[in-house]
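Visitor: Sequence:
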Amino acid sequence: MAEKIYVAGHRGMVGSAIVRTLIGQGVAPESIVQRTHAQLDLCDQGAVNAFFAQEKPTQVYMAAAKVGGIHANNTYPADFIYDNLMVQANVIQAAHAHGVQKLLFLGSSCIYPRLAPQPMAEDALITGTLEPTNEPYAIAKIAGIKLCESYNRQHGRDYRSVMPTNLYGPGDNYHPENSHVIPALIRRFHEAKASGAPEVAIWGTGTPKREFLYVDDMAAASVFVMNLPLPTYQAYTTPMCSHINVGYGSDITIGEVARSVGQAVGYQGNITFDATKPDGAPRKWMDSSKLNTLGWSPKFNLQQGLAIAYADFVKGKAV
1 MAEKIYVAGH RGMVGSAIVR TLIGQGVAPE SIVQRTHAQL DLCDQGAVNA FFAQEKPTQV
61 YMAAAKVGGI HANNTYPADF IYDNLMVQAN VIQAAHAHGV QKLLFLGSSC IYPRLAPQPM
121 AEDALITGTL EPTNEPYAIA KIAGIKLCES YNRQHGRDYR SVMPTNLYGP GDNYHPENSH
181 VIPALIRRFH EAKASGAPEV AIWGTGTPKR EFLYVDDMAA ASVFVMNLPL PTYQAYTTPM
241 CSHINVGYGS DITIGEVARS VGQAVGYQGN ITFDATKPDG APRKWMDSSK LNTLGWSPKF
301 NLQQGLAIAY ADFVKGKAV
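With the numbering used here, letter number 244 in the sequence shown gets 244, and the count goes up by one each step, no holes.
Treat the hints as calculated values from the structure; they're not laboratory data.
Just to be clear, a hint being listed does not mean it is correct.
Claimed, not checked - Straight-line C-alpha distance at most 30 angstroms; calculated DSS-like pairs for lysine-lysine:
| hint | residue 1 | residue 2 |
| --- | --- | --- |
| 1 | 66 | 56 |
| 2 | 290 | 4 |
| 3 | 66 | 277 |
| 4 | 102 | 209 |
| 5 | 56 | 102 |
| 6 | 315 | 146 |
| 7 | 102 | 146 |
| 8 | 209 | 299 |
| 9 | 56 | 193 |
| 10 | 56 | 315 |
| 11 | 290 | 146 |
| 12 | 146 | 4 |
| 13 | 193 | 277 |
| 14 | 277 | 209 |
| 15 | 66 | 146 |
| 16 | 193 | 209 |
Please read all numbers here as calculations on a predicted model, not as lab measurements.
Given the sequences, and given the hints that come with them, work out the whole structure.
Guide: Spelled out as C-alpha cells, the structure:
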C-alpha cells in the first residue's frame, strides 16, 4: 500500500524541510498531506479527529510546535506549555485512534537538564533541573516523548522521537525579539550592513559554546529515523528512553558564530561583545553518537548553511 504522509507544521522551518526531503527522495507530492493553521487548528481536538478520519494518513511527522527564543519563552510561558501540550496530545491520540502505526515526534535539546554533562546523551533526560527560561516549553516536549512511548508500550504503536540541536536555514523566524541566535544575528548584521553601522554589539562575552545544524540535515535525519527497520530502532533505544539526538557533532563559541554570520552577510564593521549582558548556559552540545552509529551524518557545514540561509532572508521568503 502506498504511504500517505501527514506533515504537521509543513509551513514551519523544519516541516517545510521535511516536505522538501521527502519529495527529493521520490515521494509523490500528492502523497503528502498538508494543512495550514487556518485550515486546521491542531489545538481543536474535534477538528483534528475529523481530519484524521477524512484523510487517513499512514505516517505522521509531528513538526508542528509553538517555538521561540528566550524572550518569547519568558514572556508567554502559558502559551508555550498549553499550545504544545494540546497540539501533541490531539495529534498523537488521533493518529492512534485512526490506526496510524508510524509517527515521528520532533522535540528539542532544551528537554535536557540545564547542567547536563556535555555532550548531552539521551539518558540525561529527567536527571536534573531544566533551564528556567524555557522550562514550560521543555516540559511540553518531554510530555510529547512520553506520549509516544506510552502509546508504544500500551498499544504496540511505532511512535518515535528525535531531538534536534539548534537549527537554522530557509524558513527561519527573523523576528527582532522572538528569534533564535543565528536568525537574530543574520538580521542584525544585514541591518548594520545596510545602514553602514561601524560596529555590532553581541550580548554576553561570546565564550559560551553552541551546536548548530542546518535544517535540511535535520529533515534528512528525521526521514532516516522514521524509515529505520523497527528491530534496528529498538536495538538502539529502550521503551522508556526511545528518543534519538540529532546534532552536527561539534560546537563553536557564540563569538565564532557571530563572525561566521558577519562574513556570510558581508558585514565589514567591528564585532564587539557586551559582557554586562547574560551569557546563558556555558555549553549545549548533543551526543549524536547513536545516530552516527546507525549510519547518518550531516552534509552541510556552517558556512554552506549560512550562505543558503542568508540568501533566503534577502529574498524575503522568511519574515
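Visitor: So, for every hint listed, does it hold in this structure?
Guide: Verification of the hints:
Taking the CA atoms of residue 66 and residue 56, the gap is near 25 angstroms; set against the 30 angstroms cutoff, the hint holds. For the suggested pair residue 290 and residue 4, the alpha carbons sit about 29 angstroms apart, so the restraint of at most 30 angstroms is met. Under the criterion of a C-alpha separation no larger than 30 angstroms, the hint pairing residue 66 with residue 277 is consistent with the structure, at around 26 angstroms. About 35 angstroms separates the Cα atoms of residue 102 and residue 209, which puts this hinted pair outside 30 angstroms; it is violated.
With a CA separation close to 12 angstroms, the supplied pair residue 56 and residue 102 stays within the 30 angstroms bound. With a C-alpha separation of about 40 angstroms, the suggested pair residue 315 and residue 146 falls outside the 30 angstroms cut-off, and the hint is violated. Distance check on the hinted pair: residue 102 and residue 146 sit about 16 angstroms apart at the alpha-carbon level, within 30 angstroms; holds. This hinted pair checks out: residue 209 and residue 299 have alpha carbons roughly 21 angstroms apart, not beyond 30 angstroms.
The hinted pair formed by residue 56 and residue 193 fails the criterion: a straight-line CA distance of about 50 angstroms is larger than 30 angstroms. Between the alpha carbons of residue 56 and residue 315 the distance comes to roughly 36 angstroms, so the proposed pair goes past 30 angstroms and is violated. A hinted pair counts as satisfied when its Cα atoms are at most 30 angstroms apart, and residue 290 with residue 146 qualifies at roughly 20 angstroms. Taking the CA atoms of residue 146 and residue 4, the gap is near 25 angstroms; set against the 30 angstroms cutoff, the hint holds.
With a C-alpha separation of about 23 angstroms, the suggested pair residue 193 and residue 277 falls inside the 30 angstroms cut-off, and the hint holds. As the CA atoms of residue 277 and residue 209 are separated by approximately 16 angstroms, the hinted pair is consistent with the 30 angstroms bound. Only pairs whose Cα atoms come within 30 angstroms are accepted, and residue 66 paired with residue 146 is accepted, the gap being roughly 18 angstroms. Taking the CA atoms of residue 193 and residue 209, the gap is near 26 angstroms; set against the 30 angstroms cutoff, the hint holds.
When the structure is compared with the earlier hints, violations turn up for hints 4, 6, 9 and 10 and for no others.
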